[in-house]
Amino acid sequence: MLTLAFDTATPRSSCALLRDGDLLGERETKAAAVLAAADALLAGAGQVAADLDRIVCGVGPGSFTGIRIGLAVARGLALAIDLPVAGVSTLAALQEGAPGSLPVIDGSRKEVFTLTGGEPAVIRPEDLKPAPGTLCVGSGAVRYRAVLEAAGADVPPDSSELHLVRARFHAGLAGEFGPAELVEPLYLRIPDAEKALER
Amino acid sequence: MKTRWSCGERTPPGKPGAKGEGGADVILAIETSCDETAAALIDGEGRLRANVVSSQAELHARFGGVVPEVASRRHLELIVPVISEALDEAGVTFDQLDSVAVTQGPGLIGALLVGLSAAKAIAWSRGLPLIPVDHLLGHVSALYLDPVRLEPPFLCLLTSGGHTLLLDVQEHTSFRLLGTTLDDAAGEAFDKGARLLGLGYPGGAALDRLAQGGDASAYSFPIARLDGLDFSFSGLKTALLYEVRGLEHGELERRRADLAASYQHAIVRALVERTLQAAEKIGARQIAVAGGVAANSELREAFSSAALAPIELCTDNAAMIASAARYLKPIQPPGYLDLDAYASRQLA
Ligand SMILES: [Zn+2]
Numbered sequence: 001m002l003t004l005a006f007d008t009a010t011p012r013s014s015c016a017l018l019r020d021g022d023l024l025g026e027r028e029t030k031a032a033a034v035l036a037a038a039d040a041l042l043a044g045a046g047q048v049a050a051d052l053d054r055i056v057c058g059v060g061p062g063s064f065t066g067i068r069i070g071l072a073v074a075r076g077l078a079l080a081i082d083l084p085v086a087g088v089s090t091l092a093a094l095q096e097g098a099p100g101s102l103p104v105i106d107g108s109r110k111e112v113f114t115l116t117g118g119e120p121a122v123i124r125p126e127d128l129k130p131a132p133g134t135l136c137v138g139s140g141a142v143r144y145r146a147v148l149e150a151a152g153a154d155v156p157p158d159s160s161e162l163h164l165v166r167a168r169f170h171a172g173l174a175g176e177f178g179p180a181e182l183v184e185p186l187y188l189r190i191p192d193a194e195k196a197l198e199r
Numbered sequence: 001m002k003t004r005w006s007c008g009e010r011t012p013p014g015k016p017g018a019k020g021e022g023g024a025d026v027i028l029a030i031e032t033s034c035d036e037t038a039a040a041l042i043d044g045e046g047r048l049r050a051n052v053v054s055s056q057a058e059l060h061a062r063f064g065g066v067v068p069e070v071a072s073r074r075h076l077e078l079i080v081p082v083i084s085e086a087l088d089e090a091g092v093t094f095d096q097l098d099s100v101a102v103t104q105g106p107g108l109i110g111a112l113l114v115g116l117s118a119a120k121a122i123a124w125s126r127g128l129p130l131i132p133v134d135h136l137l138g139h140v141s142a143l144y145l146d147p148v149r150l151e152p153p154f155l156c157l158l159t160s161g162g163h164t165l166l167l168d169v170q171e172h173t174s175f176r177l178l179g180t181t182l183d184d185a186a187g188e189a190f191d192k193g194a195r196l197l198g199l200g201y202p203g204g205a206a207l208d209r210l211a212q213g214g215d216a217s218a219y220s221f222p223i224a225r226l227d228g229l230d231f232s233f234s235g236l237k238t239a240l241l242y243e244v245r246g247l248e249h250g251e252l253e254r255r256r257a258d259l260a261a262s263y264q265h266a267i268v269r270a271l272v273e274r275t276l277q278a279a280e281k282i283g284a285r286q287i288a289v290a291g292g293v294a295a296n297s298e299l300r301e302a303f304s305s306a307a308l309a310p311i312e313l314c315t316d317n318a319a320m321i322a323s324a325a326r327y328l329k330p331i332q333p334p335g336y337l338d339l340d341a342y343a344s345r346q347l348a
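In order, the protein sequences belong to chains X and W. With this note's numbering, letter number 197 in the first sequence gets 197, and the count goes up by one each step, no holes. With this note's numbering, letter number 23 in the second sequence gets 23, and the count goes up by one each step, no holes.
By construction, these hints were calculated from the structure, which means they are not laboratory data. Think of the CB as a built atom: it goes at the ideal place given N, C-alpha and C, for glycine as much as any other residue. Any given hint might turn out to be false.
What the hints assert, rightly or not - With beta-carbon atoms standing in for the labels, derived distance ranges:
(1) R345/W / R124/X: 36 to 42 Å
(2) G283/W / D192/X: 46 to 52 Å
(3) R199/X / Q277/W: 47 to 53 Å
(4) G25/X / V148/W: 47 to 53 Å
As the list claims (entries may be wrong) - Computed far set for chain W versus chain X, every beta-carbon distance over 12 Å:
(5) D25
(6) S55
(7) P147
(8) A206
(9) Q212
(10) S234
(11) Y242
(12) I287
(13) S305
Claimed, not checked - If you want a taste of the chain X side facing chain W, the calculated C-beta under 8 Å gives, among others:
(14) L35
(15) F64
(16) R68
(17) I69
(18) A72
(19) V73
(20) R75
(21) A80
Using the sequences and the hints, build the whole thing.
Structure representation (structure tokens):
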């Protein structure tokens with residue numbers, strides 16, 4: 001069972017190739033070049049795209065454009081070579097890489113994407129209020145280190161691997177595989193224009 | 001300063017990039033640069049086998065214009081259904097494809113990236129080459145399709161909601177910019193005029209219909225006459241604004257058709273004048289008109305002796321991208337895997 005996993009929701013995107021749960025390789029990439037990473041990983045394993053059995057795609061939250069690049073790639077692959085796809089939350093994968101941690105992704109606009117009560121949410125870092133001693137990881141934890149540490153949270157050094165979204169964790173978290181169109185983006189924000197109309 | 005601007009590698013003029021064994025090249029083309037999600041199939045003889053366009057116009061109407069984030073989200077929802085429909089309509093399977101073409105820019109970057117990402121995934125997974133296409137070259141290439149089947153050289157007026165360009169087209173794969181708008185595009189002028197007349201968005205077609213029952217000589221709107229071959233439409237829009245504001249309460253309804261007709265007439269006259277000047281300047285024997293505004297009835301009448309892009313191929317579509325792709329050199333895998341989209345392109 002050859003699985004291609006990728007997550008393009010964050011600027012440091014990730015792509016991994018696994019066989020029966022064993023990691024064959026993983027690469028960091030830019031979102032728009034995720035297929036170049038996939039191609040290199042497959043070549044390293046002596047395989048081609050047509051050999052893939054299934055796809056795991058990060059669905060966000062993160063950069064809207066990044067999320068869409070990942071899902072458009074997943075849907076294109078699924079359509080052309082008839083593969084099942086599973087979607088995995090970028091927050092869940094980030095947390096999986098640092099067990100027991102609270103994942104915090106920079107959401108720009110002075111907000112972060114994180115889990116509150118186990119559910120994905122977008123909030124201001126000041127409102128996050130992690131329990132003292134909570135390990136906070138991710139681009140949002142790095143950016144708002146001062147706020148989080150002031151609240152008593154622990155944030156690993158900026159250069160720590162724990163802050164990076166790694167696609168190998170998506171593969172482990174993948175639940176049910178099915179049609180690509182059922183795998184939906186997790187934006188957490190409606191477009192500004194819609195918000196303006198609601199007012 | 002005018003610069004020669006080329007779209008990718010060139011094949012000999014007049015000869016579509018042909019496959020070795022002389023077999024017909026079947027190209028799947030994808031276009032998502034603005035608010036139309038589109039896919040088309042073309043065969044080696046340049047015959048369209050499918051041309052599917054899913055317009056988001058209604059979705060954006062309530063915002064009074066295209067909202068990039070809303071457009072990009074919709075493209076992701078529509079991209080696979082639209083491609084599937086095009087393949088079904090053409091009766092073509094992935095096994096029968098020879099290459100995949102896609103709009104790389106210019107356009108809304110988030111929107112372009114949906115189409116480009118899907119196109120790369122399809123091409124790469126099937127081991128096919130990719131043909132990135134410039135959207136503007138695509139509009140021009142609509143003229144190479146049936147029933148027009150135009151061949152360069154010609155002078156092309158490319159007029160749409162985003163562009164108003166005069167192009168010297170000497171070969172299929174490139175053009176030279178002669179003139180452009182310094183402010184609004186002609187299509188924008190139509191949409192803004194329509195909004196002032198209470199016709200909603202997008203209002204270009206509604207303004208055209210309304211104008212047909214009006215007197216084009218009722219109002220005299222100014223035409224900007226700039227040095228060189230450039231256009232300007234912002235003064236026209238302001239002039240309409242003042243006319244509308246100057247009307248007594250309740251009078252707009254009565255004068256709307258005349259205002260629409262006079263306003264449209266001014267835009268068309270500006271486009272025709274400049275195009276004829278350009279033709280004279282470069283000694284063009286053939287004039288062609290493409291782009292969304294080329295669907296306007298008065299413009300088509302004014303340019304009745306020119307080559308006009310078919311109405312269904314004026315607004316954004318993937319058929320024109322497929323047409324352009326026939327003349328461009330495909331990029332073999334994995335050469336296109338890190339390709340990015342571009343929002344704008346410096347033309348001159
Ligand atoms: Zn266009």
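Find the nearest Cβ of chain X to the Cβ of A206/W and say whether that gap is larger than 12 Å. A206/W clear of chain X: closest Cβ-Cβ about 22 Å, beyond 12 Å.
Does the Cβ distance between R345/W and R124/X fall inside 36 to 42 Å? holds, 39 Å
Holds or violated: is the Cβ of Y242/W farther than 12 Å from all Cβ atoms of chain X? Y242/W is indeed farther than 12 Å from all Cβ atoms of chain X, at 28 Å.
Should the hint that A72/X touches chain W count as held when the rule is a Cβ pair under 8 Å? Interface hint status for A72/X: holds (4 Å vs cutoff 8 Å).
Chain W contact restraint for I69/X - C-beta distance below 8 Å: holds, 5 Å
Does the closest beta carbon of chain W sit nearer than 8 Å to the beta carbon of V73/X? holds, 5 Å
Checking the smallest CB distance to chain X, is S55/W really beyond 12 Å? Answer for S55/W: holds, closest chain X Cβ roughly 18 Å.
Minimum Cβ separation between S234/W and chain X greater than 12 Å? holds, 24 Å
Identify whether the interface hint at L35/X stands, where standing means a beta carbon of chain W within less than 8 Å of its own. holds, 4 Å
Status of I287/W, Cβ more than 12 Å from any chain X Cβ: About 39 Å separates I287/W from the closest Cβ of chain X, which puts it past 12 Å; holds.
Is 47 to 53 Å respected by the C-beta to C-beta distance linking R199/X and Q277/W? holds, 48 Å
Take the shortest C-beta to C-beta distance between F64/X and chain W; is it under 8 Å? With a minimum Cβ separation of about 7 Å from chain W (threshold 8 Å), the hint on F64/X holds.
Of the numbered hints given earlier, the model fails none.
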